[in-house]
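Novice: The lines below spell out each chain.
There are 2 protein chains.
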Amino acid sequence: KKEDLTGRGERTLCTVSGEKRKANFAQDSDLRRDHSHSQGRLYIVGIGPGELGYLSQKAFGVLRSCEVIIGYRAYVKLLGDLVQGKEVIASSMGKELVRAETAIEQALSGRKVALISSGDSGIYGMAGVVLEIVEKRSINLDLEIIPGIPAFCAAASSLGAPIMNDFALISLSDILTPWEIIERRLTYACQGDFVIVLYNPKSKKRTWQISKTQALLLKYRSGQTPVGIVRNAKRGKEKVILTTLDRMLDYSIDMLTTIIVGNSSTSLSDRYMVTPRGYKIRVDAKDRLPEEFAYSLKKC
Amino acid sequence: KKEDLTGRGERTLCTVSGEKRKANFAQDSDLRRDHSHSQGRLYIVGIGPGELGYLSQKAFGVLRSCEVIIGYRAYVKLLGDLVQGKEVIASSMGKELVRAETAIEQALSGRKVALISSGDSGIYGMAGVVLEIVEKRSINLDLEIIPGIPAFCAAASSLGAPIMNDFALISLSDILTPWEIIERRLTYACQGDFVIVLYNPKSKKRTWQISKTQALLLKYRSGQTPVGIVRNAKRGKEKVILTTLDRMLDYSIDMLTTIIVGNSSTSLSDRYMVTPRGYKIRVDAKDRLPEEFAYSLKKC
Numbered sequence: 001k002k003e004d005l006t007g008r009g010e011r012t013l014c015t016v017s018g019e020k021r022k023a024n025f026a027q028d029s030d031l032r033r034d035h036s037h038s039q040g041r042l043y044i045v046g047i048g049p050g051e052l053g054y055l056s057q058k059a060f061g062v063l064r065s066c067e068v069i070i071g072y073r074a075y076v077k078l079l080g081d082l083v084q085g086k087e088v089i090a091s092s093m094g095k096e097l098v099r100a101e102t103a104i105e106q107a108l109s110g111r112k113v114a115l116i117s118s119g120d121s122g123i124y125g126m127a128g129v130v131l132e133i134v135e136k137r138s139i140n141l142d143l144e145i146i147p148g149i150p151a152f153c154a155a156a157s158s159l160g161a162p163i164m165n166d167f168a169l170i171s172l173s174d175i176l177t178p179w180e181i182i183e184r185r186l187t188y189a190c191q192g193d194f195v196i197v198l199y200n201p202k203s204k205k206r207t208w209q210i211s212k213t214q215a216l217l218l219k220y221r222s223g224q225t226p227v228g229i230v231r232n233a234k235r236g237k238e239k240v241i242l243t244t245l246d247r248m249l250d251y252s253i254d255m256l257t258t259i260i261v262g263n264s265s266t267s268l269s270d271r272y273m274v275t276p277r278g279y280k281i282r283v284d285a286k287d288r289l290p291e292e293f294a295y296s297l298k299k300c
Numbered sequence: 001k002k003e004d005l006t007g008r009g010e011r012t013l014c015t016v017s018g019e020k021r022k023a024n025f026a027q028d029s030d031l032r033r034d035h036s037h038s039q040g041r042l043y044i045v046g047i048g049p050g051e052l053g054y055l056s057q058k059a060f061g062v063l064r065s066c067e068v069i070i071g072y073r074a075y076v077k078l079l080g081d082l083v084q085g086k087e088v089i090a091s092s093m094g095k096e097l098v099r100a101e102t103a104i105e106q107a108l109s110g111r112k113v114a115l116i117s118s119g120d121s122g123i124y125g126m127a128g129v130v131l132e133i134v135e136k137r138s139i140n141l142d143l144e145i146i147p148g149i150p151a152f153c154a155a156a157s158s159l160g161a162p163i164m165n166d167f168a169l170i171s172l173s174d175i176l177t178p179w180e181i182i183e184r185r186l187t188y189a190c191q192g193d194f195v196i197v198l199y200n201p202k203s204k205k206r207t208w209q210i211s212k213t214q215a216l217l218l219k220y221r222s223g224q225t226p227v228g229i230v231r232n233a234k235r236g237k238e239k240v241i242l243t244t245l246d247r248m249l250d251y252s253i254d255m256l257t258t259i260i261v262g263n264s265s266t267s268l269s270d271r272y273m274v275t276p277r278g279y280k281i282r283v284d285a286k287d288r289l290p291e292e293f294a295y296s297l298k299k300c
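So the sequence lines, in the order shown, correspond to chains D and F.
Numbering follows UniProt numbering, in which position 12 of the first sequence is assigned residue number 12; successive positions increment by one, without gaps.
Numbering follows UniProt numbering, in which position 253 of the second sequence is assigned residue number 253; successive positions increment by one, without gaps.
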């Protein structure tokens, strides 16, 4: 039986080959073959949308405990005083591969390293490129991935509740993914009536993708489909726009912008963008919690 | 020009009608028409996957400041001592509508209320049902939605990096969504070669949906497609399984389980499930950050 629950902090990892072992990566010494002398560790940390209040306490503690912080320059700046007294290695956009290499090397040399991503480290973040290298080279390294609040969750919370139901997240950047694949995904996401979240909608060099996307979406969805545009979600100077598919290009869009395109049931008011979940809500009635359900756990 | 950036904490909200106004919901008095005497406020708080370390500092502060905490019983328990000294209204699963009504009523009566969701409050969470009620009844209420780390990000971080590229999130619960729609979304998500995250895969009453989903996925994807199964992600007693589409039903699956199905490029080792982002990674070479890029912001 594979269902044994291990204690808190440990976990049972069952692999495809049926092999079963404890995989507490922090302490598992067989994962550190070539570097058993080292105390190094690599944390891949999602720092959330930007304002430090949205950083998890876990991420906060990890960043405080690390000697080296590595990241894209603009994201390192978001950390403010948290990097004080640490070695900071910051580089420009597009240097993900070398940042990952450097982080791995620093950790293998025995240091405690935090490699940061904005939002969640596992969504278009640094977790993937690190694990690709580690897997391809069979590197044994203590590493831990710390999830964070993704930018699209921050954006959604500022728009209302646009992703209350099934959704698809698609990056419009065709630097690493061929445009035909992106277009194919947009098409199927439309046909599946998904709410569609668009990342990397436009940059200084990539300008035509967003217009092409709008044209494609208009083949499947009404021009009146609600669209939310959020720039700098939860990052200070946040800007929130509620508009429609027809009008979305009237607003400025850049790399700091997340766009959420509603599905056939999404509605828009002058306050909120909402995709209903399916509850039957009466206009006037009060479905108040009857006293028998409102049982108070603690009332001091 | 719609691009004015307002100061930190404020935002410019441009509505579909072209109207533009400051929409700092906390202070905007015209949003509080009928309740200007009240100091009440409703926070809809995403508490993250479960362990308190993954709560954001923002959520932590909000929960501490509230008089009333309302939520699904099991999620309230995750908050532990944080609810001490507060009025707690906890009810059972399926009571989302009445919990939302109660939270709105409590806030309108002048109290500071936190309505909690596990994960992110905006993904199948409480933000939607509250806004549906508020919009349908034109209720003016101070409210703020606090995003959280979604369960699937927590699950992904424990599996490796399975959602490094475009993905679709689909709930298999057909309580509020007809099964035909769910099946349609699964089909198109397959055709778009999305990584597919499955929520609510199985409950005591809903048992056939996951088998039907597996059969449907197998029409489009190889039986060797990597599948990650995580139960209680970042919630203590976490269980992580790396397996394949063929074998996924060999493991126990319930309401506390998140399943991630890889796309055509996802790979699986005995350590990690990884969907590559598209970087060209050399097996032996070192793409180390050259000294000229490793500029140190602060080195004290």
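Worth flagging that the hints you see were computed from the coordinates, not collected in a lab.
Any given hint could be a false lead.
[What the hints assert, rightly or not] In silico DSSO-like links for lysine-lysine, alpha-carbon gap of 27 Å or less: (1) K205(F) x K219(F); (2) K95(F) x K280(D); (3) K95(D) x K77(D); (4) K136(F) x K95(F); (5) K205(D) x K204(F); (6) K204(D) x K280(F); (7) K95(D) x K280(F); (8) K136(D) x K136(F); (9) K95(D) x K205(D); (10) K237(D) x K219(D); (11) K280(F) x K280(D); (12) K280(D) x K205(F).
These numbers come from a predicted model, not from an experiment.
Novice: Are the hints correct? Go through all of them and say.
Specialist: Hints, verified against the model:
no. : hint              : result
1   : K205(F) x K219(F) : 26 Å, holds
2   : K95(F) x K280(D)  : 12 Å, holds
3   : K95(D) x K77(D)   : 17 Å, holds
4   : K136(F) x K95(F)  : 19 Å, holds
5   : K205(D) x K204(F) : 52 Å, violated
6   : K204(D) x K280(F) : 24 Å, holds
7   : K95(D) x K280(F)  : 12 Å, holds
8   : K136(D) x K136(F) : 54 Å, violated
9   : K95(D) x K205(D)  : 17 Å, holds
10  : K237(D) x K219(D) : 34 Å, violated
11  : K280(F) x K280(D) : 50 Å, violated
12  : K280(D) x K205(F) : 21 Å, holds
When each numbered hint is compared with the structure, violations occur for hints 5, 8, 10, 11.
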